Amino acid sequence: MEACIVVIDNDDSMRVLVTSSLKEEGCRAFGYDYAHIDLAAVDQHQPDLIILDFDFENAGTGWEFLQLLKMDDATAKIPILVTTSISLLSAEIRDYLLTLHISVVHKSYDLKTYMMFIHKTLAEASQSGLLLSGDRTLPILVVDDTEDMREATTAILRFEGYRVVTANNGLVALDTVSRADYCLILLDIGMPIMNGYEFLSAYERQLRPHSPVIILSAEHDIRSRVLPSFVVELLPKPFHISQLLKQVRKYAEPVEG
Amino acid sequence: MTTRIMVINNSDNILAMFRKILEVDDCEVFLQLFLNSDLRDVRRIKPDLIIQDYYVGREGVGWEFLQLLKMEDSTAAVPVLICTTAIKLVQGIGAYLATKQVTFLRKPFESHDLVTAVRSALQGDEEDSSPIPHLPGSDGTAKKKI
Numbered sequence: 068m069e070a071c072i073v074v075i076d077n078d079d080s081m082r083v084l085v086t087s088s089l090k091e092e093g094c095r096a097f098g099y100d101y102a103h104i105d106l107a108a109v110d111q112h113q114p115d116l117i118i119l120d121f122d123f124e125n126a127g128t129g130w131e132f133l134q135l136l137k138m139d140d141a142t143a144k145i146p147i148l149v150t151t152s153i154s155l156l157s158a159e160i161r162d163y164l165l166t167l168h169i170s171v172v173h174k175s176y177d178l179k180t181y182m183m184f185i186h187k188t189l190a191e192a193s194q195s196g197l198l199l200s201g202d203r204t205l206p207i208l209v210v211d212d213t214e215d216m217r218e219a220t221t222a223i224l225r226f227e228g229y230r231v232v233t234a235n236n237g238l239v240a241l242d243t244v245s246r247a248d249y250c251l252i253l254l255d256i257g258m259p260i261m262n263g264y265e266f267l268s269a270y271e272r273q274l275r276p277h278s279p280v281i282i283l284s285a286e287h288d289i290r291s292r293v294l295p296s297f298v299v300e301l302l303p304k305p306f307h308i309s310q311l312l313k314q315v316r317k318y319a320e321p322v323e324g
Numbered sequence: 479m480t481t482r483i484m485v486i487n488n489s490d491n492i493l494a495m496f497r498k499i500l501e502v503d504d505c506e507v508f509l510q511l512f513l514n515s516d517l518r519d520v521r522r523i524k525p526d527l528i529i530q531d532y533y534v535g536r537e538g539v540g541w542e543f544l545q546l547l548k549m550e551d552s553t554a555a556v557p558v559l560i561c562t563t564a565i566k567l568v569q570g571i572g573a574y575l576a577t578k579q580v581t582f583l584r585k586p587f588e589s590h591d592l593v594t595a596v597r598s599a600l601q602g603d604e605e606d607s608s609p610i611p612h613l614p615g616s617d618g619t620a621k622k623k624i
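For the protein sequence lines, the chains are G and W, in the order given. Each position in the first sequence, counted from 1, maps to that position plus 67 in the numbering used here. Each position in the second sequence, counted from 1, maps to that position plus 478 in the numbering used here.
In short, the hints are calculated from the structure, not lab data. Fair warning: there could be bad hints in the mix.
Derived lysine-lysine pairs resembling DSS-like cross-links, with alpha carbons at most 30 Å apart [what the hints assert, rightly or not]:
1. W:K498 <-> W:K578
2. W:K585 <-> G:K174
3. G:K174 <-> W:K566
4. W:K548 <-> W:K566
5. G:K144 <-> W:K585
6. W:K585 <-> W:K524
7. W:K498 <-> G:K144
8. W:K566 <-> W:K585
9. W:K585 <-> G:K187
For each label pair, taking beta carbons as the anchor points, the in silico distance ranges come out as [to be verified]:
10. W:L546 <-> G:H307: 50 to 60 Å
11. W:G602 <-> G:M216: 41 to 51 Å
12. W:R521 <-> G:A190: 50 to 60 Å
A few chain G residues facing chain W, derived, Cβ under 8 Å [said to hold, decoys possible]:
13. E131
14. L133
15. Q134
16. Y163
17. L167
In this text the structure is predicted, and so the values were computed from the model without any measurement. A virtual CB, placed ideally from N, CA and C, is assigned to each residue, including glycine.
Make a model of the complete structure from these sequences and hints.
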């Protein structure tokens, strides 16, 4: 199983125990407390399952984050397993929550029981068509330091049905690709902190399989450089949207259609 | 004519998400923290709809605000959509509150649930369950009309 699971729990020891156990089973598991998680982080991981630990009966950060996850179209369909100290929850409430892909279990400090619930939730998600990350259409990573350019490219790709994750420099992109797989990387060259060439060099040294990279740049000397074999296209700026989409379609599949 | 929606919540993150979902070409969204909610803001903004949270066990602030709103003639007619997990409350007094133009949206909810509930509250027609032609963010376009 290569499921990607995000575990959000303010209890440090429980969070570490669960993520370690999931990693031992071959999952990609990432632990956060509520102070260090936001929708952008979830979006970057593209998880198959999110585990939230919070007091279901009281308003607080757990409830707030659950509501945010469901309000955001990008994360609304990700299955959620809530672990809580509530022992009784009516069947009516459970049924309603299941329509939103939310399962609730009574908090157990028995790791075996805990892991059993995780596997059960993943199996149910798979059966209901919420496929695991290995089977899903992977997102495109857009790396560009110019906010307007990044947002415009993202908006166009999303309009065409692609899932998109963004990074504003090479260093953020390097961290992003180390935590999830992408079907394609659209890479700007001139960026602060870590430029496109430095990113390519560092990415090439990573042992995991490399995603194809399309370079989008106004620099003129790119073609004279020796580039890694996973750089599949060079698209000089300014380019027409149709040129970009023509290249993207070679390497990426929209979520629908 | 612009639709004016006032959203009252105790979380900045949730408020920002409401704005993202509801802000449309002909719709203005006004955000208000519970802590600062005041009838004077309602009089000033003149919203077509108020969306507010209700937490079980935290009746005080939200409920008091609702009572004030309905007691004052100039604001009594403003429809209110209450987002809540308190289903027993809805089952108990939902029908009565509906006569006061107070409707409910069960939490947690997805963006399309919110759009449907807002549309229904604005139309004052609880039985309107027609599909939303455009859901914010569902097709990549930035702004849609409710």
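Query - Which numbered hints fail - result: none
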